[in-house]
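J.: Each chain, letter by letter, is given below.
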Amino acid sequence: MPGKLKAKIVAGRHLPVMDRASDLTDAFVEVKFGNTTFKTDVCPKSLNPQWNSEWFKFEVDDEDLQDEPLQITVLDHDTYSANDAIGKVYIDIDPLLYSEAASVISGWFPIYDTIHGIRGEINVIVKVELFNDLNRFRQSSCGVKFFCTTCIPQCYRATLVHGFVEELVVNEDPEYQWIDRIRTPRASNEARQRLISLMSGELQRKIGLKVLEMGGNAVVGYLQCFDLEGESGLVVRAIGTACTLDKLSSGSAPNTNTHMHPNTAPASNACNSPSKDGKESPLAHGCRSTHNSPVHSVCSSQRLSQNFSVSVPTLIFTGMGSGGSAGKEAGPLRTLLRQQTQTALEQREFPFFTLTSFPPGFLLHVGGVVSARSVKLLDRIHNPDEPETRDAWWEEIRQEIKSHARALGCHAVVGYSESTSICEEVCILSASGTAAILNPRYMREGCLDIGCTDHRFEEPSPPNCGFCHIPYDELNMPFPAQLTYCYHCRRQKVPDVLFTTIDLPSEAAVAGKGCLIQARLCRLKKKAQGEANATAISNLLPFMEYELHTQLMNKLKLRSMNALFGLHIQISVGENMLLGLASATGVYLTALPAPGGIQIAGKTPGDLSSEHISSIQKRINDTIAVNKELYQINPPELAEEGVGSPIPEPRHRSRLFRSHSESSDELSELDLSHGKKDAFVLEIDDTDAVEDIHSLLIDAPPPTGFYSCNTENMPGISNWTSGVQMFTSVRVLRLSNANLTNQGLNKIFTDLCENLLKSFYFKLRSMIPCCLCHLNFTVAVPEEELIQVTVTAVAMTYDKEQTQEKTAEKPVNKGSLEAEEQLQFPLELCADSSSSNIQTASKISGVGESTNMSPRAASVDYGSFADRCSTWLELLRLKAHTIRRGSVKTISSLERCSPLQEGRSRSLRSSRSFGGSSVTVVKMTPLSFLPGTRIIKYLGIINMFFIRETTSLREEGGVSGFLHSFIAEVFAMVRAHVAALGGNAVVSYSMKECVFMENPNKNQAQCLINVSGDAVICISETDQESSASTANTGQTGGSETDGAT
Amino acid sequence: MSVELDVFVGNTTIMDEEVYQLWLDGYTVNDAVKVRMEGGVMDECEASKDVLLSDTMDQYRTFQMCERLLHSPAKLANQLLFQIPPHRQIMLIERYYAFDDTFVREVLGKKLSKGTKKDLDDISAKTSVTLKSCRRQFDNFKRVFKVVEELKGPLVENIRQHFLLSDKLARDYAAIVFFANNRFETGKRKLQYLSFQDFAFCAGQLISNWTVGAVDNMVEDMDVDLDKEFLQELKELKILITDKDLLDQHKSLVCTALRGKTKVFIEMEGSFKNLSRGLINIAAKLTNTKDVRDFFIDLVEKFIEPCRSDRWSAADMKLYLTHYTNSAHILDTFKHQVVWDRYMGVVKSCIFKMYHD
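Those sequence lines, one after another, are chains A and B.
Its first residue numbered 135, the first sequence is counted upward by one per residue in my numbering.
Its first residue numbered 2, the second sequence is counted upward by one per residue in my numbering.
Simulated from the structure, these hints should not be mistaken for laboratory data.
As the structure is a prediction and not an experimental result, all values here were calculated from the model.
Hints may be right or wrong, so weigh each one.
Unchecked claim - Derived, one-sided and incomplete: chain B residues facing chain A with beta-carbon distance under 10 Å:
(1) V10
(2) L25
(3) S55
Stated by the list, open to error - To spell it out: a stretch of chain B is covered by chain A in this simulated footprint if at least three of its residues, at any positions, have a beta carbon under 8 Å from a beta carbon of chain A; those stretches are:
(4) 56-68
(5) 73-79
Stated by the list, open to error - Straight-line C-alpha distance at most 25 Å; calculated BS3-like pairs for lysine-lysine:
(6) B:K147 - A:K179
(7) B:K229 - A:K179
(8) B:K76 - B:K127
Glycine is no exception: its CB is placed at the ideal position from the N, C-alpha and C atoms.
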């Protein structure tokens, strides 16, 4: 009996009217965990019931604690007929299961109904008492921390990185069970929500077990996904990176963690895959694609006898490059390092890391992007307890990734992720990552902590360019490539272009700003069934990948940049088309050669269209020049001379278009292994090509004052100010015309994406100067003629004056300003509120809002003006409260029952009496940090799944109205859960799934949303000194809220 | 090819004040887009018409979803659905409850009933305020009226606390509620020259001097009704016109004080008795609900119009009323000084406010 779960139902508010006759509601609450259910008394005739229930106690195994959510159902009592459900709240109690996270969940939760949406709020307190577990063979993994963040979380230090963990669980989808036909939609949706909640709990527990087995205590970069396979079932799968994390004591934190990506130290994994012969297919330009695995069907395999499976040829995106012999003195050392690393990595099956940013020195070399896709035919999952088929599918893909990495001379894959796209019974599995060589000193236990062992290995390469140096052997290149000496250190070879899926390393030397680069592509396909369909799709895939890659390369050159970070390629399958969307952040790495221009050439010389060609050429040249200006790309030429390079400085930027051919010519004097290089040539041989080139030029640059990227860090901007606006946008386009061509579709799709961006810029114009970060586009083909694009991103303001300064420190003046405001603010209010009504203040906090609202929250979010206003508003509200009788109840009993809570409640009360709204401001961001703040505590992972359905679509404002309110509701529920945990922000937030289905004729629609993130408490940077000292005294509750933003 | 669905949701709810105003003013989405385009917002951020349309739709939807909350503004602060910065909440509420003076002038003093609501389209046509906006404003009046009707204590304060309005707006609503409750006639042609703000000022005077709450704000009764006892006592003032001696004495006192101080002295002297009878008759009749309703029209007919035809200036008016009021104190046989002051104080300031073109 290792755990006791206790829950108390305090009160409700804003309940809907359930009894038309009286315009009131007789509400009561059912609290369920596992198979045990408790009920509160009926609170008759009230829309703001006060139950103030006893503590309901559940004695349960910790295994159940991990799997099951606490279910709270609010009902309307009806004497004569069945009780009507008002709505439900699911509370994931996982955050209470490890000591460092939240100690209590307490607050107002929106009461959610899958048909009606949010219907009022309920105040609940939940606690867990865990007993020491003596059972060695336990199935639970309580205590393993989970983080969505793809870097080592702030306020932690990784003592060891164990490596890749994965797991999947399968089940039948309740929506497709026979019983669904006689069930109400509500019952069906709830069954689904409950099941998925259970499955993710189970999945997390199983992954936790693996982590414990490996000796770790945390999972970082936890990525959980659902595959709604329809008839064939429901798959919940997750991957992550197992680590051993140490919490940094708060005192030392400011020293080690002043910037957003704190020092970290990942480590090991093994790779001993058989290297594959890459079939080389040199392409006209920088893309070297190796078709490692020619199409092969594995129908014959016994295991998959019922499944049709096609493995798709995959491309390895790299820049050009070759390798090894480059560094003279580093050469032997490198070999040594490689051997050591190799052995360390051989311990693990998959040397994969889901992390995207790393501590300095961890990443030695980056090879390029590796990706693999495979088309599968879904089949009913016969035995949910043995999800072997799905496991085998992923196993296959991972093996392929591993061998690709191997082919690039790399022993690890970083920035690794997996995804699927399902249409009817066809499923595309995709995996991608960046092949890399990691520093062996992070691979072995004990070597990490201090710099003690570091000195034995000389830094193999300078930190600001080392990762660009090619990892593969120059004499034994996987593909032909153009190499030059590194423009930084002049000692080792670098490719001319570098593609990666990771974030830009913080120490990398860049010129100018980065920008979002997208390649978009539509391909029509014939409608087909079964194997024919799968084959058709798998035949199309390589062409799509190739074209996306070409587009990316062209656009990169057009922006005069030479590297892509955060590359994410999504291919989505529909009944009659495939959509491909590649997003990445382009940047100019000063270590790499300047990109050459783009040369337009006619098919035959002296073509009649030569005038036309030259006009296009001119437009391209102009665009490049404009972009250089726009992104401030002025590579520091002097710096190169400063290095004292042995190679004569190539003056390759005197003219725009001969850059790399010239520079490499000069290099070739030293290195004769290089063949003759051509400029990057685009051939116009038919109208399609002309179209392609036009479409290249369509992409409008962001308007003045805006920048955009899809990575954690915006290259070239680091002085963020406090303005943060996370948003989600969904757009669905209906293609009315049946006779669309590929070209026409491409145009439509491109416009769709471009228009979305334009909309964002317009909507966020008040934030200028600002940067859209972590722009995450997801495409889907929900129905035959629909294209859906879902975007989640965050807009952040920055200080324009200091953009040039590249400093990791936050602007201090901003912070001190805030502090000043804060000083004035409570002072003013102290007087005010005490004179107005001290009693009221305490009464209001007594209502049981555990939400903490300190004045700072408002000041950070909305500036000082807002503070004053909020004060005013709050005062009015306070006064109003005194007048309305009965609307407030004291809750002294609550305080008594929760001694743990006391510290917090007290500080809450005091802060609340200082004004601000009664609802905690919860910031959300897809990034791992919030500008101007420091995360002092991770409270646990937020992983929520909601279904919303309507049978009165028109009445709810059509599809847009329906989805708009649903997304707003999801945000509200996430915020409420975070606030109940005592947090004030969600970092690494993402909307993993947004499946929208409609049937306008029936006036119906349904939507499923899955979101996740890390609930945190963050404090303003300027507060950290004071709070650090309080935190040191070991208070868990009190200190957080004091400075909580 | 058409956009089937298009939404944008921010963690902090994004609201453009300009669009909010267009929504409040009852513009359709398309009209709002036109207005915005003319406003030049397109030049910012290189927006196109589609972008503007999409943005306007988003915001309209947001406002529609918020509207429910705005009906009870206290909810806005502790609801969870929208994360709205406090200063924005204040703006939303203040603007939602703001009204057009031209519109309110039309319904002022009318019963806030379904019947009146049916006439809104006429009012809309007359005032060129959109019907949608008229309805919102009318419903606001009604909502405030319904809530405050039942409450004890000071009217303005109640409105401010329940609807979180600024002092100015709360006072205006108090005036509207007060007028609606007492059904003051404001629609007659002779009263057309008066603006809402004139009436609001008068209402303020009446509320703070003639209601029960004016004397004792802890009383059970509310601010919306006139003090019955006081109205009864007003009858006593009749002595000033019924007692011939008192009337003559009063006149001579006033004339002595005014002599040489105004150009219209002759006219003042000539019309003293009429004017005094007019004012005191108004006072004496206020016990009848019907005559309460006609209070303003009576003031205009019995006092303002005669003065105006004699071409009194505003300063003359002030001078006259001041002396008229003060002189009564010197009359030995006149015992109702307190009632007199309470009556004349309000009448005086109302007439000052109403004496213009």
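J.: Any of the earlier hints contradicted here, and which numbers?
T.: 2, 7 and 8
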